[in-house]
Structures are given as C-alpha cells and as structure tokens.
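Residue numbers (my numbering), protein chains in the order written: chain V, 3 to 744; chain R, 3 to 744.
Since the hints were made in silico from the structure, they are not lab data.
Watch out, some of these pointers could steer you wrong.
Since the list gives no way to pick out one identical chain from another, each pair is judged satisfied if it fits inside one copy or across any two copies.
Straight-line Cα separation of at most 20 Å, SDA-like style, residue types lysine to any residue; simulated pairs [claimed, not checked]:
1. K214 with L75
2. K60 with I618
3. K686 with Q386
4. K214 with Q386
5. K32 with D345
6. K60 with N676
7. K41 with S576
Protein chains: 2
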Amino acid sequence: MDIQQLLYFIPVAGAVALAYAFITTRWINKQEIGTDRMKKISEQIFKGAMAFLAAEYKVLALFVVAVAVILGLTAHEASSHPLVALSFVLGATCSGLAGFFGMRVATRANVRTAAAARGGLAPALKIAFRGGAVMGMSVVGLALLGLGGLFIFYTGFFGVSVDQAPDVTKFGRLINVLAGFSMGASSIALFARVGGGIYTKAADVGADLVGKVEAGIPEDHFLNPATIADNVGDNVGDVAGMGADLFESYVGSIIGAMILGAVAVTGGMEAAVLPLIIAAAGIIVSVVMTYAVRTKEGGNPQHALDGGAFGAAGIMLVLSYFIIDFFTGRVGGAFNFAGMEVDTMGLFIAMAVGLGCGVLIGIVTGYYCSKGKRPVNSIVEQSQTGPATNLIAGIGVGFESTAIPILLIAAAIFGANHFAGLYGVALAALGMLSTTGIQLAVDAYGPISDNAGGIAEMSGLPSEVRERTDNLDAVGNTTAAIGKGFAIASAALAALSLFAAYKQLALGTQDIILTDPQVLIGVLLGGMLPFLFSAMAMKAVGDAAMDMITEVRRQFRDIPVLKAALTLVATAESEDRALTPEEDAQVLAAGDEADVERCVAISTQASIKRMIQPGILALAAPVIVGLWSPHALGGLLAGTLCSGVMLAIFMSNAGGAWDNAKKQVEEQPRDTENNLGKGSERHKAAVIGDTVGDPFKDTAGPSLNILIKLMTIVAVVIAPSLAAMHGSKAAADKVEVSAKSE
Amino acid sequence: MDIQQLLYFIPVAGAVALAYAFITTRWINKQEIGTDRMKKISEQIFKGAMAFLAAEYKVLALFVVAVAVILGLTAHEASSHPLVALSFVLGATCSGLAGFFGMRVATRANVRTAAAARGGLAPALKIAFRGGAVMGMSVVGLALLGLGGLFIFYTGFFGVSVDQAPDVTKFGRLINVLAGFSMGASSIALFARVGGGIYTKAADVGADLVGKVEAGIPEDHFLNPATIADNVGDNVGDVAGMGADLFESYVGSIIGAMILGAVAVTGGMEAAVLPLIIAAAGIIVSVVMTYAVRTKEGGNPQHALDGGAFGAAGIMLVLSYFIIDFFTGRVGGAFNFAGMEVDTMGLFIAMAVGLGCGVLIGIVTGYYCSKGKRPVNSIVEQSQTGPATNLIAGIGVGFESTAIPILLIAAAIFGANHFAGLYGVALAALGMLSTTGIQLAVDAYGPISDNAGGIAEMSGLPSEVRERTDNLDAVGNTTAAIGKGFAIASAALAALSLFAAYKQLALGTQDIILTDPQVLIGVLLGGMLPFLFSAMAMKAVGDAAMDMITEVRRQFRDIPVLKAALTLVATAESEDRALTPEEDAQVLAAGDEADVERCVAISTQASIKRMIQPGILALAAPVIVGLWSPHALGGLLAGTLCSGVMLAIFMSNAGGAWDNAKKQVEEQPRDTENNLGKGSERHKAAVIGDTVGDPFKDTAGPSLNILIKLMTIVAVVIAPSLAAMHGSKAAADKVEVSAKSE
C-alpha cells in the first residue's frame with residue numbers, strides 16, 4: 003500500500019471519532035432530565051457556561067486574527083509560508099470547538115447523570131462516562147481531522163510526495179507551516195486553562211467565603227447567587243480547560259514526532275507519517291473500547307473504567323508494534339535517524355518505556371495525593387498544631403514529590419533515546435497520548451459526576467442519590483491520577499522533542515552550548531518565567547475572588563427578601579434544625595431573587611480580563627528573546643522546561659495532597675476534644691491548606707505544562723525567520739543539504 | 003614590583019583582619035556585662051551555643067576526615083594532587099573557625115549591648131557593631147590567610163613562578179588543588195546553614211507553640227525551658243550559619259575568578275593573582291572604615307551603618323581601578339582572555355556592573371519585603387479574609403519577586419561578559435564581596451541587637467532599653483537587604499564562573515550541548531535537586547520542632563513547681579494584671595527548675611541528625627552524575643543553578659514579606675471590630691503566614707545559594723578524575739597545550 007493512500011485513513015479516523023461524539027450526544031440528550039428544579043438549575047449552569055465560552059471566544063477571536071496576520075506577514079518565504087497563518091487559525095478553531103463540544107455535552111450529561119442516579123449506579127455511570135467520551139472523542143477527532151486534512155492539503159500544495167525521498171527544503175517548509183496548527187492549539191489551551199482556572203477558583207472562593215463563612219448558610223445553597231457560578235466554573239475549568247489542554251498535548255506530541263521523523267529520510271516520509279497513523283489507530287481502539295466500559299448494579303465501576311482505559315492502552319501498544327513494523331519494513335527494517343539505525347523493536351521499546359514511565363508517574367502521583375498514605379498522613383498529623391504546620395508540611399510534600407517523577411522522566415529519556423534516539427523520545431510521548439480519546443473520557447467523567455452531585459444537592463434529591471454520585475466521582479480518581487502522570491511525562495518528553503526541532507530549524511549545525519553566556523542568560527530568564535507566570539495566575543485568582551465577594555456581599559445586603567431568607571436559613575442551621583414548611587416556601591421564593599446572572603457575568607469578565615496578561619507573557623517571551631539571540635532562546639526553552647516541570651509537579655501534588663488531607667480529617671470520627679474530625683481545630687487547619695492548594699492545582703499548576711509547550715512551539719514556528727535574521731540560515735541550509743545527501 | 007613579592011600582601015592583609023578581630027574582641031570583653039540575671043542568661047546562651055558548635059564540629063570532623071581521605075586517594079596524579087585533601091581540610095577548618103569566632107563574640111557582645119543600651123543608643127550601637135565587625139573580619143581574615151598562605155605554598159611546591167608565563171599543566175594542577183579549599187568551605191557552610199537553620203526554627207516554633215499558644219505565657223518567658231534554646235538558635239543560625247555562608251561565598255568568588263584568570267596567560271599569572279589582591283585591599287579598606295561607623299546620641303544610626311558599608315564599597319571600587327590597571331599594565335594594557343582583549347576599563351566596568359546589579363537587587367528585595375510597599379500591603383490586605391488568602395498572596399509575592407532580580411542578573415552577566423568575558427563575570431561577583439568584612443559586620447550586628455533585646459526582656463530591664471535595642475535592630479535592615487542582594491547576585495555569578503571552570507577542566511574542547519539528551523537529563527535532575535533539598539530541610543524543621551514540643555510539654559506536665567508557676571503567670575496574663583510580689587518570687591524560683599540544658603540538647607541533637615541527609619545529597623549528586631557522564635554533570639549544575647536561584651529568591655522574599663506583613667498588622671491601631679491590629683483575625687492570619695515563612699527564609703532559602711555553589715565546586719574538584727575516566731582527558735590536555743601556545 004502507498005503511504006499516500008494511507009494518509010486518508012487519518013482524517014477518516016478523526017471523522018469516526020466525531021461521528022461517535024455526535025451519535026452519543028444525541029443519545030445523552032434523549033435521557034431523562036429529572037425534576038423541574040433540576041432542569042432549571044441545569045439550564046442556569048448551561049447558560050452560564052455558554053456565556054463564558056462566548057465571551058472568551060470573542061476575545062480569543064481577536065487575538066487569533068491578530069496573531070494570524072502577524073504570522074502570515076512575517077513568514078519567511080524560503081523556509082516557511084504565509085499558510086502558517088491558516089494552520090494557526092485552524093488549530094485555534096479546532097481547540098475552541100473541542101472545548102465547546104465537551105462543555106456542551108458535559109452540561110447536558112451532568113443533570114441526566116443526577117436523574118439516572120435516582121435509579122441506580124449503573125445507568126448513572128453510563129451517562130457520565132459517555133458524556134466524558136464525547137469530550138474525549140471530540141478532542142482527538144478534531145485534532146486528526148484538522149491535522150490530517152491539513153497534511154494532505156499541504157503535501158499537495160508544496161508538491162511533496164510522501165512515497166519518495168522528499169525534497170528536504172520543501173518538506174521543512176511543510177512541517178514549519180503545519181506547526182502553526184500546534185501553536186494555535188497551544189495558545190487557546192493556555193488561555194482556556196488560565197481563564198477557566200481563574201473562573202472556577204474565583205467563584206469557588208467567593209461563594210464559600212461570603213456564603214458559608216460570613217452568612218452561615220450551607221455550601222452550595224441556592225440562596226447564594228455565586229453557587230451557580232461555582233458550578234459553571236467546574237465545567238469551564240475542569241471540562242473545557244482540560245479539553246483544550248489535552249487537545250494541545252495530543253497535537254503537540256504528534257507534531258513533535260513528525261518534525262523529528264522528517265529528519266530520518268531513509269525511504270519516503272515513513273518516519274514523519276508514522277505518528278499520524280499511530281494516533282489514528284489509537285482513535286479506533288478508543289472508540290471500540292468505550293463500549294467495554296459498563297458495570298452491573300452492585301458491580302465495581304472502578305473495574306469498568308480501568309478495563310476501558312488500560313485495555314485500550316495495552317491493545318494500542320501491541321498494535322503499535324505492527325504499525326511501526328509496517329513502516330520500517332518499507333525502508334529495509336530500520337529508520338536512519340541522524341546516523342543511528344532504529345529498528346522496529348527499538349521504536350517499540352521507546353514507546354513502551356514512555357507508557358511505563360507515564361504509568362509509574364501516575365502511581366507516584368497517586369501515592370503523594372492519596373488518603374492513608376505517608377505524605378497525606380503527615381499533613382493530617384501536622385494539622386494538629388494548626389494551619390502553619392499544615393502548610394509547611396504540604397509544601398514539603400509537594401517539593402518532595404518532584405523527585406521520583408523527575409527520575410522517571412530522566413530514565414524514560416535515557417531509555418527512549420538509547421533505543422531510538424530523540425525520535426524515540428517523541429514516540430514515547432505519543433505512546434502515552436495515543437489513547438487520549440478514552441483516557442480523557444475517564445478524566446472528564448469526574449467533573450460530570452461531581453456536577454451531578456451538586457445538582458442533586460441543590461435540587462433536594464434524596465441523600466442516596468448524592469451518595470451514588472459521590473461514589474461515581476471517587477472511582478475515577480485512580481485512572482485520573484494515571485492520566486495526570488501521562489500529562490506530566492508526555493509534556494516533558496514532547497517539549498524535549500519540540501526543543502530539538504527548534505534547534506534544528508533555527509540553528510542548523512550550530513549548537514546551543516551551555517557555557518555560552520547568552521545561553522546561560524536564556525536559561526536563567528527561562529527558569530524565572532514559570533514563577534512569574536504562576537504569580538500572575540495566583541494574583542488573578544485573588545483579585546477575581548475579591549470581585550465576586552464584593553458582589554455577593556452587595557446582594558446579601560441590598561436585596562431585602564434575600565436578606566430575610568438568609569437569616570432564616572442561618573438561624574435554622576445554627577439551631578441544627580430543618581426549616582418549617584412556611585420558612586421553606588419563603589426561602590424558595592427568595593432564591594429566585596438572587597441575581598445569579600450578575601455573579602456569572604462578574605466571574606466571566608474577571609477571568610477573561612485577567613487571563614490576558616499571563617497569556618501575552620507566554621507568547622511574547624520567546625519572540626523577544628529569539629529576536630535578540632536564537633541561542634538565548636534555546637536556553638530560555640530549557641530553563642522554562644527545567645523549572646516549569648518542577649513547579650507544575652509541586653503545585654498539583656501539593657494541592658492534591660492538601661485536598662485529600664482535608665477529606666481524611668473529615669472522615670475522622672467527630673471529636674473536637676481530641677482535635678479530630680469535622681469542626682475541630684485540625685479540620686480548620688486542613689481547610690486552610692485545601693484553599694491554598696486550590697489555585698495551585700486548578701489554576702497555576704496545570705497551566706504550566708501548556709506554558710512550556712506553547713513557548714517551545716512558538717519558537718519552532720518563528721525559527722525560520724530567526725535563522726534568516728541572525729544569519730544562521732546558511733548553517734540551517736547546510737544541514738538540509740547534508741541531510742538530503744545522506 | 004614582582005608579583006611574587008606582592009603575594010605576601012595577601013596573608014598579611016588576612017592577618018591584619020584577624021588582629022583587628024582579636025583586639026576588638028578584647029575590647030568587647032572588657033565592657034560592662036550588667037546585672038547577675040543578665041550574666042546568667044548570657045552564660046546559658048553562650049554555653050548552649052558552644053555546646054551546639056562542639057557537637058556539630060564533632061560530626062563534621064568525621065565527615066571532613068572521610069572526604070579528605072577519599073579526595074587524597076582519588077586525586078588524579080597528572081592534573082591534580084593528593085594535597086587537594088590538605089586544601090579541603092584547611093578550608094573546612096577556617097570556615098569552622100570563622101563560625102566559632104563569630105559566635106563567641108556575638109554571645110559576648112549581645113549581653114553587653116543590652117547593658118550599654120541602659121545608658122543610651124550610641125554606646126550600644128558601638129558594641130553591637132564591633133561585635134559584628136569581629137565576625138566580619140574573622141571571616142575575611144581566615145579566608146585570605148588560608149587561601150593566600152596555601153597559594154604561596156603551592157606555587158613553591160608545584161614550581162610555578164607567578165612572574166613568568168606559567169607551565170599551564172602545572173598551573174592547572176595548582177588551581178585544582180587550591181579549589182579544595184573552596185570545597186571545604188562550602189561543605190561546612192552547607193551543614194552550618196542547614197543545621198543552624200533547623201536549630202533556630204525548631205526552637206522558635208517549639209517555644210512559641212507550647213509556651214504562648216498552649217500554656218498561655220508570654221513569648222520569651224524564662225519559665226519556658228525552650229526560650230534559651232530559641233536564643234541560642236538565633237546565634238547558631240543567624241551568626242554562625244551566616245558566617246560560614248559568607249566565608250563560602252567569599253572564597254568561592256575569589257577561586258572562581260582565579261580559575262578563569264588562569265586561562266588568560268598573557269604575561270605571567272597576573273589575571274589569576276588579581277582577585278586575591280583585590281580581596282586583600284578590600285580587607286584593609288573594611289578595617290579602616292569600621293572606625294567610621296559611629297553615631298552621636300540622638301544621631302541616626304542608619305547613617306552611620308550606611309556610611310561605613312557604602313563608603314567602603316565606593317572606595318574599593320575606585321581603588322580597584324588602580325589595582326586592575328597595575329596588573330594589566332604589566333602585560334601591555336590588556337589581558338588576553340580566550341582570544342578576547344580585556345583592558346583595565348573593561349574589567350573595571352565589569353566590577354561596577356556587578357556592584358550595581360547587587361545594589362539594585364538589594365533595593366528590589368527591600369521593596370518586596372518592606373512595610374508599606376505594594377507587595378507587603380497586598381498581603382496585609384488579603385489577610386483580612388484569613389490565613390488562606392494571606393498565604394496565597396505571600397506565595398504570589400514571592401514568585402513575582404524572582405522576576406526583576408533575574409532580569410538584573412541577566413543584565414549583569416550580559417554587561418560583564420560583553421566588557422570582559424567570563425572573567426569579567428567572575429570579577430563582578432568578586433566586586434560585590436570585596437568589602438565582605440564590613441558588610442558582614444552590618445549583617446551580624448542585626449542578630450546581636452536582636453539578642454540584646456531578648457536578654458533585656460528576660461532580665462526585666464526597663465522598657466526603654468528594649469526600645470533602644472529594637473531601634474538598633476531595625477536600622478540595620480536596609481543595609482542588610484543590600485547584603486542579601488549581594489549574596490544572591492554574587493552566588494549566581496560565582497556559580498557561573500565556577501561552571502565555566504568545570505567545563506574547562508572536565509571537558510576541555512568538548513562542549514556541553516543543550517540538545518544532547520544526557521545534558522537534558524542532567525538539567526532536569528539538577529532542576530529537581532533544590533526542590534528535594536528544600537523538602538528535606540523543611541521536613542527536618544517540622545520533625546525537630548516536634549521533638550522540642552514533646553520535651554517542653556513533658557516538663558510543663560512533670561515538674562510540679564513549674565506547672566504551678568505556669569498557672570500563676572497564665573492567670574495573671576489572662577486577667578491582664580502584674581504578678582503580686584509573692585507570686586513573682588515563686589515564679590522566679592520555679593524558673594530555676596526548668597531544664598534548659600535538656601531543651602538545648604534536644605535542639606542540638608535534632609538539628610545535627612537532620613542536617614546530614616540534605617548535606618549528603620548535595621555532595622553525592624554531582625559525584626554520581628559525574629561518574630555517569632561529565633556532560634550530564636554540566637547539565638546538572640545548570641539545572642540546579644536555574645531552579646535553585648529562583649527558589650532561593652522566592653523563599654527568602656516570601657518569608658521576608660510575611661514577616662513584615664505581620665509586623666505591619668501589629669502596628670495597626672488595635673481594633674478587632676474592623677479586623678485590624680493585634681488580636682484581630684487578620685493578625686492571626688498574618689502570624690500563620692509569618693510562621694510558614696520562617697523555615698522558608700531562615701532554613702531552606704539561604705541554604706540554596708550554598709547548595710548551588712557546593713555542587714559546582716565539587717564538580718570542579720573532581721573534574722580531572724572525571725576527565726581521565728571518561729577519556730575526555732585527551733581533549734582537556736589539548737586545550738592546555740593550545741592555551742600554552744597562545
């Protein structure tokens with residue numbers, strides 16, 4: 003079979019995923035929606051989420067157009083092309099669509115999951131998981147449809163034949179232009195993660211502080227106008243943000259492997275096309291395996307999810323061997339990667355090493371964040387003496403938790419590189435993400451179940467419903483932890499391969515030498531950026547939360563019916579009794595007076611306004627440093643990778659550990675005498691730790707992985723222009739020539 | 003004049019400093035010591051401090067002997083020499099002695115400062131400052147006596163003439179052997195900083211938690227057996243730890259410049275000797291300027307300190323021009339540094355750039371940590387809504403505070419390198435530290451005044467005495483902030499020059515290429531180490547504090563007289579009245595029953611036990627990675643520099659900002675209604691932030707600068723062996739030859 007024909011399999015696989023998503027969405031929409039109250043709440047959440055997306059995308063559209071114009075105008079004519087602007091716009095659009103599809107279905111599935119949970123665990127699991135699967139398939143479907151379609155179009159446009167040893171100059175242009183897609187995806191992902199992260203934490207903190215602490219009403223109470231914003235935030239941050247994030251990772255790891263594969267020009271473009279085919283096969287496997295996720299009433303939903311995700315990864319690994327072998331078989335059994343002979347087994351081992359590393363990091367991550375394990379136990383123990391020791395312990399746990407993952411990443415780089423060179427490192431990253439379709443289904447299933455629980459609470463469903471949704475939410479955690487491991491490891495490995503690609507495109511035979519003062523300056527500046535970026539993100543959460551607090555306070559003060567109802571609820575709460583039927587009616591009526599839309603609008607505006615500054619920092623830094631010196635830009639990327647990965651691991655694990663330490667304290671028997679359980683001083687300390695951890699794990703931490711890759715892909719895209727500007731073009735040309743003559 | 007003759011000026015200057023220290027110590031010991039109670043307390047502090055040093059040095063002696071034996075046995079015969087063990091032992095000994103002298107005089111000067119403060123501000127300032135000056139001069143005196151003496155000895159031993167173009171192989175050996183001195187100094191400094199940091203914070207947290215929070219007695223009360231340990235801790239951490247720290251920085255920056263200077267072999271060894279002569283001149287200037295520090299009663303002590311420290315720096319800068327000019331004049335007006343012609347003005351500008359960068363970083367650091375400025379104001383503001391927002395704000399401030407210092411360091415590297423190459427970068431580091439003698443006097447003056455205040459409190463001196471010592475303590479802050487700026491900037495620049503030296507010694511003409519997977523693995527591992535190291539340090543503080551808490555609780559429970567007295571004091575405290583004379587007598591008698599020695603012993607043992615693990619990590623990591631690959635070790639050093647500098651700045655500034663935010667809240671008018679001032683919820687939140695910041699700024703943060711340099715100097719010392727092992731020796735030899743032929 004020709005490779006050229008095989009290319010069509012790529013967008014077809016993407017279309018299959020989208021078809022699955024479409025059909026499943028229709029199925030979900032047909033499920034029962036529950037009571038009127040549930041319907042109303044779910045409508046509010048849906049509208050709020052859509053309002054946020056609309057506002058966000060309006061800003062981002064301007065941004066995308068502006069950047070596209072600049073990219074188009076500055077594209078270097080010999081080694082790039084103005085079409086890079088098209089790639090960028092398409093990448094951004096697909097990323098935005100993935101977030102949109104995912105969030106739309108999630109806000110439909112949450113209420114239906116709650117409704118189904120009234121009947122039992124199995125039907126609820128089915129809806130929540132399928133909701134997640136729509137998200138997962140939208141992400142991978144749009145990615146492969148976009149990337150595959152563009153690739154086919156560009157091979158035609160630039161006159162590159164994938165079945166013959168390509169004209170390296172032409173193929174270099176093609177790859178550079180295609181990289182614009184990844185840049186578009188990463189840009190949108192960064193804004194979505196940061197904006198979503200600010201939104202969700204601002205609403206969360208604002209709602210809790212004024213409602214629970216100041217007014218004394220229960221959490222998630224419908225009298226609190228910020229509660230809906232809080233629920234919207236969960237969708238905006240955990241669903242749309244995560245979707246854009248994984249879209250970015252997925253595309254980045256494919257492009258990274260393609261660029262490095264383009265160097266190995268043994269036969270035709272086998273090594274460059276292989277990553278796309280592996281991704282396409284991963285989609286088919288993911289779609290099939292979603293049907294394996296089902297549980298009987300009384301069965302263990304954990305097994306169902308694990309079976310789906312791990313089953314898919316295992317099948318995919320085996321399948322990859324044959325796919326790789328097909329490609330290497332066409333060029334005499336091995337790729338020639340920069341002088342190194344890399345055969346099927348070498349590439350397969352590299353992929354396996356990546357998968358193994360991701361799984362192990364996931365297990366370590368799980369260990370550091372799980373209840374009952376040493377790290378969380380130590381935080382619970384230290385909470386005894388108050389918030390200060392709780393915080394010191396949590397920060398210590400977070401710092402410590404960087405050690406083993408970094409050793410594992412180092413081992414994976416070593417192993418993959420040993421067996422298959424830098425191309426192997428890129429394949430290792432891709433291996434972890436090839437089953438993103440189903441992996442993301444499990445990840446997105448978590449927030450859907452969580453939201454279902456919130457809706458059950460607000461709608462006054464029986465407590466067993468809430469128990470079921472909590473049960474559903476909890477079981478996804480292990481698989482989600484592994485997913486986190488994949489995200490961390492694949493980000494580091496993909497950044498590494500993109501970094502190597504940048505060096506190749508910008509500097510050719512010139513090296514980035516670590517003792518060169520320019521490079522060292524770059525390393526230091528790069529190391530600083532993740533700190534500055536995190537500072538901006540955390541400050542944004544603080545400021546946005548303040549806006550929310552002010553608004554909720556205003557409503558509680560200025561709306562008389564609301565004020566009266568609040569007093570009723572708070573009094574009943576403090577007397578530990580239920581409301582009388584008359585009180586209940588009064589409170590219910592007052593709930594309609596709460597100006598929910600205004601809170602949603604405030605969270606929306608605040609988060610969108612404040613996502614811009616860190617986003618610009620991420621985009622501008624590599625451009626400015628690159629204009630000064632492409633060597634310094636190399637240092638910058640390495641520095642950002644170095645401190646960014648550490649901070650990301652530190653922040654997510656510290657946040658996760660604080661979260662579960664709080665939960666562990668809450669599960670202790672209530673005994674304030676001995677400083678145990680809810681209501682004790684220990685619990686207060688644990689709650690404070692959890693609050694500090696919130697912006698760590700939900701805003702700054704997850705954005706850092708994107709920051710690292712966005713900066714690298716920007717560098718890759720501007721590399722040809724930098725090479726031309728700084729006269730390292732000659733060197734770059736020389737490489738191309740020497741590569742061609744091999 | 004021959005350079006050979008000039009060499010004798012170096013140990014002579016060292017001897018002058020030591021003579022100053024000796025004479026001044028005698029003068030201090032002659033000052034009045036105050037009441038019997040003061041004498042007793044000061045004796046307890048003195049004994050506790052000496053007990054710690056004795057215990058610490060016992061452990062370190064074993065460590066030093068073990069490392070010396072290994073160094074001696076593994077020294078590469080052609081490019082190093084077993085004498086490196088002698089250098090190492092001497093470096094460690096001098097560092098230990100500097101800590102010992104400094105702490106001995108500090109524990110003598112504190113009580114005398116308190117005694118003098120009864121008479122007025124001026125005499126108290128004189129004693130506190132001179133106490134600090136003894137410390138400062140001991141540090142620089144021992145450094146130059148040791149380094150200068152060894153250098154003279156080694157030039158004879160290795161048959162190197164400093165007045166002729168040297169045999170590069172011989173000179174390479176000499177420099178490598180001399181670097182052992184720096185390694186000895188850095189090793190001791192790391193243990194002293196970590197051990198001292200754990201001691202002081204364990205005692206502080208333990209004393210406060212059980213005394214103030216649980217038993218309800220005032221801070222620093224003599225009934226609390228941990229109070230003396232707390233005061234000992236201030237000396238152990240802030241005086242001895244800081245002394246060893248600056249000894250290490252001072253020696254490291256001199257050696258770094260010498261190694262790079264050795265490459266510039268234009269005439270004789272001018273460029274290698276120049277740093278020593280600048281340091282020697284700096285000593286003389288410092289000694290002279292100490293006499294300029296005096297204030298009249300009613301005068302501003304700030305001006306006196308500023309005048310001394312800045313005056314010395316200014317004079318030294320001007321003087322440096324002439325010293326540089328003398329040396330360049332001998333070789334035709336310019337050094338030839340690796341092909342670059344560097345003249346007097348170029349070198350002078352490099353030094354000036356370094357000084358300017360240090361001063362500006364100091365100002366920025368001051369800004370981020372000062373009361374009334376935006377960062378601290380934002381923490382005070384966010385403390386309104388509790389500890390969680392206080393902590394998020396503080397962490398945000400700390401993260402943000404890395405930005406400008408890193409830009410300044412980058413600018414300094416750029417400027418110094420532009421005008422004088424990497425040698426210029428090394429000189430820039432040295433320029434900041436050339437007046438360490440007087441700079442450290444101002445730094446050490448702070449803890450002495452602080453301790454004097456504590457003694458005044460515990461001895462029941464009139465409140466105006468405490469006010470005067472507080473006043474003294476406060477004025478040193480600006481100068482101390484500048485000193486902090488110097489420490490940060492010089493650490494980064496010195497590490498950079500040592501890094502370049504490592505590359506030269508280990509790899510010769512081979513480059514450390516950033517896209518090499520081994521180097522990238524090194525960068526990632528190196529980036530992780532400061533996080534793991536900080537985790538260990540913070541965990542150690544937590545564990546040691548727990549030991550202390552347990553002991554104080556035991557005493558409060560098991561010693562009946564103590565228990566009874568505690569109840570009296572706590573009751574009086576809660577009723578806001580003074581003790582009756584009978585009660586007072588009873589409490590005073592009970593105070594003698596508190597087992598102070600036991601608390602001191604616990605803090606001592608805990609801190610010494612727990613300083614070992616992080617210390618071993620710092621020493622072992624470069625050796626292990628180096629054995630695997632010298633290229634990866636290069637990456638490791640860069641990674642550690644990159645994330646270590648950020649974490650160090652983050653931790654010290656966040657800690658400093660929390661500290662002053664607490665103080666700012668305490669200065670607000672007491673108004674719990676509006677959540678202002680002492681006793682308010684805002685104050686509680688600020689206290690929690692301050693406690694979290696304590697191990698940041700006093701344990702982990704300051705140790706990181708040493709960690710960076712220790713790892714680099716270890717790499718420099720083992721470089722010849724690594725080069726031989728990995729066959730990069732041939733390359734290294736080739737460089738030496740090519741350098742010779744220039």
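Checked hints:
Proximity of K214 to L75 under the C-alpha cut-off of 20 Å is found in neither arrangement, the shortest distances being 54 Å within a copy and 67 Å between copies. For the homomeric pair K60 and I618, the shortest alpha-carbon distance inside one copy (16 Å) is at most 20 Å, but the shortest distance between copies (55 Å) is not. Taking the closest pair of Cα atoms, K686 and Q386 come within 20 Å of each other both inside a single copy (10 Å) and across two copies (17 Å). Only between protomers do K214 and Q386 lie at most 20 Å apart by alpha-carbon distance; the minimum there is 16 Å, versus 23 Å within a single protomer.
Taking the closest pair of Cα atoms, K32 and D345 never come within 20 Å of each other, the shortest separation being 50 Å inside a single copy and 82 Å across copies. In this assembly of identical chains, K60 and N676 lie within 20 Å of each other by CA distance neither inside one copy nor across copies; the values are 54 Å within and 42 Å between. Taking CA atoms no more than 20 Å apart as the test, K41 paired with S576 passes in neither setting, with 30 Å inside one copy and 56 Å between copies.
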